[in-house]
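Peer 1: Spelled out from the first residue to the last, the chains are:
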Amino acid sequence: DQQVKQNSPSLSVQEGRISILNCDYTNSMFDYFLWYKKYPAEGPTFLISISSIKDKNEDGRFTVFLNKSAKHLSLHIVPSQPGDSAVYFCAASGYSGGGADGLTFGKGTHLIIQP
Amino acid sequence: NAGVTQTPKFQVLKTGQSMTLQCAQDMNHNSMYWYRQDPGMGLRLIYYSASEGTTDKGEVPNGYNVSRLNKREFSLRLESAAPSQTSVYFCASVPGLTAYEQYFGPGTRLTVT
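Which chain is which? The protein sequence lines are W and S, in order. Residue numbers for the first sequence, in this note's numbering: 1 to 115. Residue numbers for the second sequence, in this note's numbering: 1 to 113.
Source of the hints: derived by calculation from the structure; they are not laboratory data. Take the hints with a grain of salt, since some may be wrong.
[Claimed, not checked] With a cut-off of at most 30 angstroms between alpha-carbon atoms, the simulated DSS-like pairs for lysine-lysine come out as follows: (1) S/9 with S/71; (2) W/5 with W/107; (3) W/107 with S/14; (4) S/71 with W/5; (5) W/68 with S/71; (6) S/14 with W/56; (7) W/71 with S/57.
Keep in mind that this is a model prediction, so the values were computed, not measured.
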């Protein structure tokens, strides 16, 4: 049973527009959420995160929103740039005090930025 | 500062062969992890080591063993490779128990025929 779900395998967005990537989770024990970006033939790289005590975190062009009651989070990228084309993974951790026990990942969304 | 390094980058094995995937980090991180990624799937945790001297099973540990050789190195061993273990393997590390953001290596692409 998947605990972290990314229901859109791919998303195509025009350059300069907003990209919105969605993620749902089922485990209410998760208390920290992360987004990772992955290019082909490379390892994932950390992008942005949010604690369950917040509902928004912003870092430059990237903003993550968390709706705990709906068990839903989203990543907004504004404006979208060609270098943003990659696979984005949503991940969650369920242990307060750190993620030492590892992360639970969604299947990923392939974001394609069209010129 | 190389971050997390993995060797080899690619490997082809025959069913039943054994091999060890190596991982090392130079960031003085305490916790290390092994994940596998299959097509259309997210990363799944195989084993992890929260600190030097300890290892624990993750979501998909069957068919694998690990060794936390020292603080820097965490190896993953396939004793008798099976085609179902064809995958891309990623090693990751985290500074300590209060950190969540994991740093990943470039991956090892393993094919078992």
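Peer 1: For every hint, state whether the structure bears it out.
Peer 2: How the hints compare with the structure:
Straight-line distance between C-alpha atoms of residue 9 of chain S and residue 71 of chain S comes to about 22 angstroms, which keeps the hinted pair within the 30 angstroms bound. Straight-line distance between C-alpha atoms of residue 5 of chain W and residue 107 of chain W comes to about 7 angstroms, which keeps the hinted pair within the 30 angstroms bound. A distance of roughly 28 angstroms separates the Cα atoms of residue 107 of chain W and residue 14 of chain S; the hinted pair therefore holds under the 30 angstroms criterion. Between residue 71 of chain S and residue 5 of chain W the CA atoms are separated by roughly 33 angstroms; this puts the pair beyond 30 angstroms, and the hint is violated.
Simply put, residue 68 of chain W and residue 71 of chain S have alpha-carbon atoms about 37 angstroms apart, too far for the 30 angstroms limit, and the pair is violated. Under the criterion of a C-alpha separation no larger than 30 angstroms, the hint pairing residue 14 of chain S with residue 56 of chain W is inconsistent with the structure, at around 49 angstroms. For the hint pairing residue 71 of chain W with residue 57 of chain S, the CA-to-CA distance comes to about 27 angstroms; that is within 30 angstroms, so the pair holds.
The structure shown violates the earlier hints numbered 4, 5 and 6.
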